[in-house]
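Trainee: Sequence:
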Amino acid sequence: ELRMICRACRYEKCVEAGMKRHCVQKRRPNKKKDEEEDEDPANVVSPLAQYELQMAGASASIVKNEPISPSMFTRKDRIEPASEEDIERKDSSLPVDDYLLPQPHSSSVDSYTEEDPSAFTPSTSFGISAALFNQNVVPHLSHLTHLLPPRSPSFSIEVKKEEPTSTTTTPPSDVTTLADVLCLDKFSLAMSSKELLNHFVQQEKQAMDRRRMMFTSDPMRAFTDPDGTVPYSRSEIKPHTLKGQAEAVKFDHFLGYEYCRNMPFLDRLSGSEKIQLYRICALGFSVLDIGYISSCVMNDEESILVFTDGTYSTCGQDDFSVGWEDEDIITKSDKIRLFLEFNHDFFNEVIMPMKKMRMDRFEHAALKAICSWKLGLLEFPHDMKMYGSTIQTKVIEGLLQYYAESGVRDGDIRVGTIVLLMGNLFRMYAQVTEMYKQLDLFDLLKVDHITKALLCV
Numbered sequence: 024e025l026r027m028i029c030r031a032c033r034y035e036k037c038v039e040a041g042m043k044r045h046c047v048q049k050r051r052p053n054k055k056k057d058e059e060e061d062e063d064p065a066n067v068v069s070p071l072a073q074y075e076l077q078m079a080g081a082s083a084s085i086v087k088n089e090p091i092s093p094s095m096f097t098r099k100d101r102i103e104p105a106s107e108e109d110i111e112r113k114d115s116s117l118p119v120d121d122y123l124l125p126q127p128h129s130s131s132v133d134s135y136t137e138e139d140p141s142a143f144t145p146s147t148s149f150g151i152s153a154a155l156f157n158q159n160v161v162p163h164l165s166h167l168t169h170l171l172p173p174r175s176p177s178f179s180i181e182v183k184k185e186e187p188t189s190t191t192t193t194p195p196s197d198v199t200t201l202a203d204v205l206c207l208d209k210f211s212l213a214m215s216s217k218e219l220l221n222h223f224v225q226q227e228k229q230a231m232d233r234r235r236m237m238f239t240s241d242p243m244r245a246f247t248d249p250d251g252t253v254p255y256s257r258s259e260i261k262p263h264t265l266k267g268q269a270e271a272v273k274f275d276h277f278l279g280y281e282y283c284r285n286m287p288f289l290d291r292l293s294g295s296e297k298i299q300l301y302r303i304c305a306l307g308f309s310v311l312d313i314g315y316i317s318s319c320v321m322n323d324e325e326s327i328l329v330f331t332d333g334t335y336s337t338c339g340q341d342d343f344s345v346g347w348e349d350e351d352i353i354t355k356s357d358k359i360r361l362f363l364e365f366n367h368d369f370f371n372e373v374i375m376p377m378k379k380m381r382m383d384r385f386e387h388a389a390l391k392a393i394c395s396w397k398l399g400l401l402e403f404p405h406d407m408k409m410y411g412s413t414i415q416t417k418v419i420e421g422l423l424q425y426y427a428e429s430g431v432r433d434g435d436i437r438v439g440t441i442v443l444l445m446g447n448l449f450r451m452y453a454q455v456t457e458m459y460k461q462l463d464l465f466d467l468l469k470v471d472h473i474t475k476a477l478l479c480v
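Per my numbering, the very first residue in the sequence shown carries number 24; after that it's consecutive.
Each hint should be verified, as a subset may be incorrect.
SDA-like, lysine to any residue: derived pairs with alpha carbons at most 20 angstroms apart [stated by the list, open to error]:
hint, residue 1, residue 2
1, Lys261, His222
2, Lys408, Arg291
3, Lys273, Val470
4, Lys379, Arg432
5, Lys358, Arg432
Label-pair ranges, simulated between beta-carbon atoms [to be verified]:
hint, residue 1, residue 2, range
6, Glu35, Glu402, 23 to 33 angstroms
7, Arg257, Ala476, 33 to 43 angstroms
8, Asn371, Gln461, 13 to 23 angstroms
9, Ala476, Asp406, 20 to 30 angstroms
10, Ser344, Ala213, 49 to 59 angstroms
11, Ile352, Arg284, 29 to 39 angstroms
It is worth saying that the hints were derived from the structure and are not from the lab.
The model shown is predicted, which means the values in this text are computed figures rather than measured ones.
Every residue gets a Cβ at the ideal spot worked out from N, C-alpha and C, and that includes glycine.
Model the full assembly from the supplied sequences, consistent with the hints where possible.
Mentor: Shown next, in the form of structure tokens:
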């Protein structure tokens, strides 16, 4: 005896496999069905159909939304249309006018499934044996009215005709229109796609001007001629030091703070959700900005990392010429052990794709805006994911519009490259977060207080 629970088949396969019928688990009720459908009179079998089922040996309480008795599904005992021999075996003492012999067609029962309960219909699905009908054995239904239960509201089916209404009705002034509903949608954004992209481009221009003010030899240019371009050139960048990087990280956190303060949907987030968003901007944007600045500053034949403070280090194979020197806080060997593998991965997976596609400021702004919501996809709650989807859709639409206005023919290919680059940035963000945790846990380097607070989120 096979004792197992079947959740998929409709009794047939279980019985064929040798399972006892009482071992078959009854199907679960369909919770997705509206409760109103159960109260609909059209779903209740009529009294005549119930009487016909009683004469056929089935349950008289079958309704459309309930499973048929398992005994009706066995192959050997399946109900077949009545034959003349069956009629002869009936009690001859009963007059023909006292009983009804309509039987369900086997096709009606075979076609019933749990997935399509509408295949099992009321009395209209049950026909009378053709042989009996030709012999006039079946009496007229009018002789059986005394056998039917009295009509009640639960069995009555009324079809109400709707009164014709005017098609030119004017809604009242206090009724909310479709446009109002769309504007009130919590996941909608009032800005157009082009406006949203320009907003993020403006944020990037301001960040570059602030870096020019803080880290270049001509800081006043950021005030007199704020063009928003990358403030560093190949001839001006200096060797990288971790001591200087510690100060640059604090400024990057401040730029991430300004970026988040101007983010759409920020007013709809809770306090904890705002911190989650800022965590992405503070820890993830330094990686993204380093990649973009490096792709703009370095030459084609070089392998260098240009940091956000205008310093650089080499990352070629066995090239430790710049940025790997001993410092007061760390030795060269510790630098190689902690950062060499990450630098190689970062150069190959982020900087080189940006360099090959010649990423411009609009594409960088679009990538940064999308990553601000998508890098935390596994951590964000549902509403934040929906906000991110809205921003991603609008930013990509704005980017395609920018390509069309600029005459870029391969705009769709460039958008695909940007979307694929997000996967690499996701891995780099995870590595940066893990690296900061290791540095803080083992006290290898001093981690600033903002980063420590964000690592605990």
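Trainee: Does each hint fit the structure? Answer for all of them.
Mentor: Hints and how they fare:
no., hint, verdict
1, Lys261 x His222, "violated, 32 angstroms"
2, Lys408 x Arg291, "holds, 13 angstroms"
3, Lys273 x Val470, "holds, 10 angstroms"
4, Lys379 x Arg432, "holds, 17 angstroms"
5, Lys358 x Arg432, "violated, 44 angstroms"
6, Glu35 x Glu402: 23 to 33 angstroms, "violated, 47 angstroms"
7, Arg257 x Ala476: 33 to 43 angstroms, "holds, 36 angstroms"
8, Asn371 x Gln461: 13 to 23 angstroms, "holds, 22 angstroms"
9, Ala476 x Asp406: 20 to 30 angstroms, "holds, 24 angstroms"
10, Ser344 x Ala213: 49 to 59 angstroms, "holds, 52 angstroms"
11, Ile352 x Arg284: 29 to 39 angstroms, "holds, 32 angstroms"
Consistency note: the structure conflicts with the earlier hints numbered 1, 5 and 6.
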